[in-house]
Amino acid sequence: MSATTTQKIDPKGVTLWERHYPGPDLISTRTFGFWLYMLTDAMVYAALFASLGVLSHVVNLAGGPPPAAIIDPVYAYGETITLFLSVLAYGYSMVALKSGSRGGVIGAMLVSMLLGVVFLGIAATDIGHLFSRGIIPETSGFLSIFFTILIYHALHILVGIVWMLVMIAQIARDGFTANVVYRLINLRLFWHFQAVIWVFVFTFVYLQGMVA
Amino acid sequence: MLVHLQGPWTPLLGRLTLQQIPYQNPILLGTFIFVAILGVIILVATTRYGKWGYVWREWLTTVDHKKIGIMYCLVGLVMLFRGFIDALMIRTQQAIAVGPKSPGFLGAVHGYLTPFHVGQIFTAHGLIMIVFAATPLLVGIMNIIVPLQIGARDMAYPYLNALGLWLTTAGAALVMLSLFIGNFAHGGWYGFVPYFELPYSPGVGVDYWLWAFQLSVLGTTLGSINLIATIVKMRAPGMTWMRMPIFTWASLSANLIALTSFPVLMVALALLGMDRYLGTHFYTAGMGGNLMLYNDLFWVWGHPEVYFLILPAFGMMSEIIPTFSEKTLFGYATMVIASFAIGGVSWGVWLHHFFTMAAAPSVNSFYSVSTMLVGIPTGVKVFNWIFTMYRGRVRYELPMMWALLALFLLLVGGMTGMMNAFASSDYMWHNGVFVVAHFHMMVLLIAASVFGAVEYWFPKVFGFKLEQKWGKWFFWFMVLGTGWVFVPMFILGIAGMTRRLDYIPYTQWAPYLHVMLVGMAFYVVAVGFFVAHLYVSLRDREKNRVGADAWGTTRNLEWMTHSPVPAYNFAFIPHVNARDEWAWRKEHGLAELHAGDYEDIHMPKNTGVPLFLGIFSMGLAFALVWRIWWLALLCLALIVALIIIRSFDRDTDTTIPAQEVDRVERAARDGVTENGPASDLLGDPVVATSSIRSESGGMGGKSSAAQPAWAPMDR
Ligand SMILES: [Cu+2]
Chain A
57 MSATTTQKID
67 PKGVTLWERH
77 YPGPDLISTR
87 TFGFWLYMLT
97 DAMVYAALFA
107 SLGVLSHVVN
117 LAGGPPPAAI
127 IDPVYAYGET
137 ITLFLSVLAY
147 GYSMVALKSG
157 SRGGVIGAML
167 VSMLLGVVFL
177 GIAATDIGHL
187 FSRGIIPETS
197 GFLSIFFTIL
207 IYHALHILVG
217 IVWMLVMIAQ
227 IARDGFTANV
237 VYRLINLRLF
247 WHFQAVIWVF
257 VFTFVYLQGM
267 VA
Chain B
10 MLVHLQGPWT
20 PLLGRLTLQQ
30 IPYQNPILLG
40 TFIFVAILGV
50 IILVATTRYG
60 KWGYVWREWL
70 TTVDHKKIGI
80 MYCLVGLVML
90 FRGFIDALMI
100 RTQQAIAVGP
110 KSPGFLGAVH
120 GYLTPFHVGQ
130 IFTAHGLIMI
140 VFAATPLLVG
150 IMNIIVPLQI
160 GARDMAYPYL
170 NALGLWLTTA
180 GAALVMLSLF
190 IGNFAHGGWY
200 GFVPYFELPY
210 SPGVGVDYWL
220 WAFQLSVLGT
230 TLGSINLIAT
240 IVKMRAPGMT
250 WMRMPIFTWA
260 SLSANLIALT
270 SFPVLMVALA
280 LLGMDRYLGT
290 HFYTAGMGGN
300 LMLYNDLFWV
310 WGHPEVYFLI
320 LPAFGMMSEI
330 IPTFSEKTLF
340 GYATMVIASF
350 AIGGVSWGVW
360 LHHFFTMAAA
370 PSVNSFYSVS
380 TMLVGIPTGV
390 KVFNWIFTMY
400 RGRVRYELPM
410 MWALLALFLL
420 LVGGMTGMMN
430 AFASSDYMWH
440 NGVFVVAHFH
450 MMVLLIAASV
460 FGAVEYWFPK
470 VFGFKLEQKW
480 GKWFFWFMVL
490 GTGWVFVPMF
500 ILGIAGMTRR
510 LDYIPYTQWA
520 PYLHVMLVGM
530 AFYVVAVGFF
540 VAHLYVSLRD
550 REKNRVGADA
560 WGTTRNLEWM
570 THSPVPAYNF
580 AFIPHVNARD
590 EWAWRKEHGL
600 AELHAGDYED
610 IHMPKNTGVP
620 LFLGIFSMGL
630 AFALVWRIWW
640 LALLCLALIV
650 ALIIIRSFDR
660 DTDTTIPAQE
670 VDRVERAARD
680 GVTENGPASD
690 LLGDPVVATS
700 SIRSESGGMG
710 GKSSAAQPAW
720 APMDR
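If you read the protein sequences in the order shown, they are chains A and B.
My numbering runs 56 ahead of the 1-based position in the first sequence.
My numbering runs 9 ahead of the 1-based position in the second sequence.
You may find that some hints are simply not true.
If you want a taste of the chain B side facing chain A, the calculated C-beta under 7 Å gives, among others [what the hints assert, rightly or not]:
id: 1; residue: Val273
id: 2; residue: Ala530
id: 3; residue: His597
id: 4; residue: Ile653
Listed below are several chain B residues computed to face chain A (Cβ distance under 8 Å; list not exhaustive) [unchecked claim]:
id: 5; residue: Pro35
id: 6; residue: Leu37
id: 7; residue: Met243
id: 8; residue: Ile582
id: 9; residue: Gly598
id: 10; residue: Glu608
id: 11; residue: Met612
id: 12; residue: Ser656
The set of hints was computed from the structure by calculation and includes no laboratory data.
Remember, predicted model here, so these are calculated numbers, not experimental data.
Glycine residues also receive a C-beta, built at the ideal position from the N, C-alpha and C atoms.
Excised from the complex, chain A in its bound form (with noise of 0.2 Å):
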């Protein structure tokens, strides 16, 4: 535009500056970048499945087992049991968040903790009983990308548990503040998140390993 089509306009009419301005919220903005974070983990999940889907031919077996002679869905089941209800417990804690009680959210925490321990138990008792019967990651294609996708989301389980370590102790010294509370939130996606992811790893791995 050239300077002659200028009209003035009264600035009484417009808001030109924010007085005041407090700012983005915090705990919608860190949440909202742990969802794109939550993103990036999903597209890590992806490739390792699609991984999968390429490595389950039969000649990337190499003469190993393959799948059905190798999944136990004892296991399986047990660490699915656990897990969703360690999430329940969370879910436990997320409501007594929304009542102000600390020890709602410690009680309910250690519960989804300890169940997030039995899970990681289960998942290392079927690992090691693998691994005990010579059936291991160096054996085949398919034995590699089995259990990379098994200990990946068991070191998230993992990464899960001493997060909660650390909030129960942020909870006990700092109380329900802003960062304490997005925190929590953030720590309720990730958890969910897992849960959501094992019903992959239950559904491509352990089901489909089981028909293939």
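Given chain A's structure and the hints, the job is docking chain B with the ligand onto it.
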């Protein structure tokens, strides 16, 4: 579980021995001496002038998005220079090593570099230019400009922002370290599998490549989360989606690409790492590995990555062209749609990187057509820029010249890209230098946009303009070099010359290779002019001081605040009333109005934690390269501990009191306050801030200081 390695290994130093330091290679020895002297000079100078406190407080621990952006650009610039030296060595080697009678020097049969050394240079050049030069430069500029354009005080995650910088820097440092301790990968920058597997590449070169790459990937992924969260959540009130500046839109679409594609690369590299360290069989030639899995995972990232780099470059062009055409951008909405269309299409075309790897004709046809589809939104953009200039008052200042060069390179690169997109013609020149010349057009387009953007936004960040004369010499020698190097390369590509050659068998190619050498000489001269350009600009900076609106015809929010930008960006967050808010205010006579009494401003506090996380990550990567397990475990433990300890820190914010805001604002307007002179980012006092083009409505300079403070109604 760990792979048993052949060769010596000790618990304390892993594979590291004194023989790994290549002191017998005169080229590397010379480089090492040069780097060592440079390092000592910098350390001694910092100590002598007592600047350690300043460097620590103002730079190493900063969480200010502008300073982090400047450091990103510095890393990019250093690595750009390193990558250029690699290019120089490739071109000189090829020009010497033509024909069976060509001589050999320094132990090479032909030319002066052994094939092993040439392989490392090719690999390093590719990886550095894309991952450690272009990416940091673009991320740095986005980091500086996006928060300013959307009227924010900082990024959504200032601490994460610093972490991204230091992770990228750690990766770059690791690449540089591989020059002097051990060696680098020598099989091409994207890692041929199974050649990059342990049995075929048992040295540390691939491990250096792997961990440096992985560190930068981590840094860029975190950065993309930060930029998207910033754009979505931190926009000033009134900035609706359709009022967002086009560079911000371009950054958003680019970072959405990064957010979704970089994790896939992380997996591709991690699986290769497991093959090398844990003996798994993801990509091995036997034992059930699938080597095409690597190619698919890699290029599922690799092609979108191209658009992660090019979309911000398009965004820069879209800011520069309207400013220097003195017109609003033509076709704003189509520009936004085109950016996202390019981002979307980029995801469905990766297979064109291996048209010749025995895919079915139907598959090749699909990827051929989908690749050509990219031409439609890109064409929309080109026409929009041309229509923006049409009937505008085009001023050929340096940023505009770079933008026009970028436009020209886009046409050349785009047309040759279409030629590559035909699977049938790709069969002819696959793995040849035609493809190399094509993607150099695209990468040079990015470089031209970055140089244009630096010229354009430099006065905003530093408070003075770069001088024009040496800058124009730099520009024209870059043009000459580009023509002289890449036109012959296109011809050689069609003649059948393949990539990555250390020795050229056909003597009839010699003339073209020698013409390319002339082009490299032009580039060398251009680098000289670039240094002169920077030196003269720094020396004469007092003459080139500018006010807020450095170019007089700028359009977006970032030009409303002072140059250089204060730590808090805006004393008052602006309310956005129009798409080109600043242009709108200038047109309607509102540019000179200020908001009145200042208020306290909350800002994040500096922290050294991201720097230490970067250092420990580098230690972890180095330990993994040399398989020093105790050091790797120690660094990992330190990283985890530091993250947890930092999360307990309650003292992460600080407040800038209203009087301080008042002092800084007065100083920026008047130059001097009762508390002493204002200072710019280089620590110099600002003595005169007169807008160069204040007649066209700049708000800098003494004229605006004379205006009475004016407070709008609260609403
Ligand atoms: Cu591509």
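Could you tell me which of the numbered hints above are not met by this structure, giving the numbers in increasing order? 2, 5, 6, 11
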